[in-house]
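J.: Here are the chains, one letter per residue:
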Amino acid sequence: RKEVEQDPGPFNVPEGATVAFNCTYSNSASQSFFWYRQDCRKEPKLLMSVYSSGNEDGRFTAQLNRASQYISLLIRDSKLSDSATYLCVVNENTGFQKLVFGTGTRLLVSP
Amino acid sequence: DAGVIQSPRHEVTEMGQEVTLRCKPISGHNSLFWYRQTMMRGLELLIYFNNNVPIDDSGMPEDRFSAKMPNASFSTLKIQPSEPRDSAVYFCASSLALAGEDLEQYFGPGTRLTVT
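Quick mapping for you: the protein sequence lines, in order, are chains U and H. Just so we're aligned, residue 1 is where the first sequence starts under my numbering, counting upward by one. Just so we're aligned, residue 1 is where the second sequence starts under my numbering, counting upward by one.
One chain only, chain U, in its complex shape:
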């Protein structure tokens, strides 16, 4: 079983749509969680951290369910520029920031 699992997609949505991505992780000792964004043939970049109480950054909302070991990302009012791969990332908290990446969910937003 992969340590961090995501639906690879692609998710094809029209502009303005709301889309949600889910992710599950296997290491129950994990303490911190993130969503990274990776554009085609580019490096990953931090989109947002995920906090236990849930957090929002503009059109993006992240949720964490520790009991189910489940993380989600909701994007409202999708823009063409949101087209990218979204990586679910877990810090295994072994004394340093050891990030374990999911293989990513691809999002395509069309006009």
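The hints are simulated quantities; they were obtained by calculation from the structure and are not laboratory data. Keep in mind the model is a prediction, meaning the values are calculated, not measured. Where hints are given, some of them may not hold.
To be verified - Here chain U is said to cover these stretches of chain H; the calculated rule only asks that three of the stretch's residues, wherever they fall, bring their Cβ under 8 Å from a Cβ of chain U: (1) 45-57; (2) 88-98; (3) 105-112.
To be verified - Reference excerpt, derived from the structure (chain H facing chain U, CB under 10 Å, subset only): (4) V4; (5) S31; (6) F33; (7) Y35; (8) Q37; (9) M39; (10) M40; (11) R41.
Stated by the list, open to error - Each computed DSS-like pair below joins lysine-lysine, with the alpha-carbon atoms no more than 30 Å apart: (12) U:K2 / H:K78; (13) H:K24 / U:K98; (14) U:K2 / H:K68; (15) U:K42 / H:K68; (16) U:K45 / H:K78; (17) U:K42 / H:K78; (18) U:K45 / H:K68; (19) H:K78 / U:K98; (20) U:K98 / H:K68; (21) U:K42 / H:K24; (22) H:K24 / U:K45.
C-beta: ideal position from N, C-alpha, C; glycine also.
Given the coordinates of chain U, work out where chain H should sit on it, guided by the hints.
T.: Chain H alone, transformed into the frame defined by chain U:
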């Protein structure tokens, strides 16, 4: 700031050749990471340095891979001899690690390696 710098950006080599990838982390960062990304396995951590010292190399696939960090501003990842299955994008990332705090890792643009 220039960000994390990697070279070369693309490398095509023949099986059996030595490959050296280079990374310059962001000035002031004390942690450096080497990752490998493939379609099948996604992004995998190969090795992590803190204050130029290798802390975790459990992700290094085999003895053909080695990494060094001779000073705070330079690191290399070497593959000798290279094999076709080493073809991937290799990313270097750096961060400022403080006790009890997870700070963002900044990735370089990557080196796309093709071994024929």
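J.: Does each hint fit the structure? Answer for all of them.
T.: Here is how each hint holds up against the structure:
For the segment 45-57 of chain H, the stated coverage by chain U is satisfied: 5 residues place a CB nearer than 8 Å to a CB of that chain, which reaches the threshold of 3. Residues of the segment 88-98 of chain H lying with their CB closer than 8 Å to a CB of chain U number 3, which satisfies the three-residue condition for coverage. Evaluation of the coverage hint for the segment 105-112 of chain H: fulfilled, as 5 residues show C-beta separations to chain U shorter than 8 Å, against a requirement of three. Hint status for V4 of chain H relative to chain U: holds, with the closest Cβ pair at about 8 Å, below 10 Å.
Look at S31 of chain H: its Cβ gets to within about 7 Å of chain U, closer than 10 Å, so that hint holds up. The interface hint given for F33 of chain H is met, as the beta carbon of that residue sits about 8 Å from the closest beta carbon of chain U, less than 10 Å. Of the supplied interface hints, the one on Y35 of chain H holds, with its beta-carbon coming within about 8 Å of a beta-carbon of chain U, less than 10 Å. The beta carbon of Q37 of chain H comes within 9 Å of a beta carbon in chain U, closer than 10 Å, and the hint placing it at the interface holds.
Taken as an interface hint, M39 of chain H checks out: its beta carbon lies about 8 Å from the nearest beta carbon of chain U, inside 10 Å. For M40 of chain H, the interface hint holds, the least distance from its beta-carbon to any beta-carbon of chain U being 8 Å, beneath 10 Å. With a least beta-carbon distance of about 8 Å to chain U, the hint placing R41 of chain H at the interface is held under the 10 Å criterion. For the hint linking K2 of chain U to K78 of chain H, the alpha-carbon distance of about 27 Å falls within 30 Å, and the restraint holds.
At most 30 Å may separate the alpha-carbon atoms for a hinted pair to count; K24 of chain H and K98 of chain U meet this at roughly 20 Å. Between K2 of chain U and K68 of chain H the CA atoms are separated by roughly 29 Å; this keeps the pair inside 30 Å, and the hint holds. For the suggested pair K42 of chain U and K68 of chain H, the alpha carbons sit about 25 Å apart, so the restraint of at most 30 Å is met. Between K45 of chain U and K78 of chain H the alpha-carbon distance is near 25 Å, which keeps this suggested pair within the 30 Å criterion.
With a C-alpha separation of about 22 Å, the suggested pairing of K42 of chain U with K78 of chain H holds against the 30 Å cut-off. Restraint check: the Cα-Cα separation between K45 of chain U and K68 of chain H comes to about 25 Å, which is no more than 30 Å; the hinted pair holds. Between K78 of chain H and K98 of chain U, the direct Cα distance comes to roughly 21 Å. Compliance with the 30 Å bound is thereby established for this hinted pair. About 19 Å separates the Cα atoms of K98 of chain U and K68 of chain H, which keeps this hinted pair within 30 Å; it holds.
A C-alpha spacing of about 17 Å is found between K42 of chain U and K24 of chain H, which places the hinted pair at or below 30 Å, so the restraint holds. Using a Cα cut-off of 30 Å, the hinted pair K24 of chain H and K45 of chain U holds, with the two alpha carbons roughly 18 Å apart.
Checked against the numbered hints given earlier, this structure breaks none of them.
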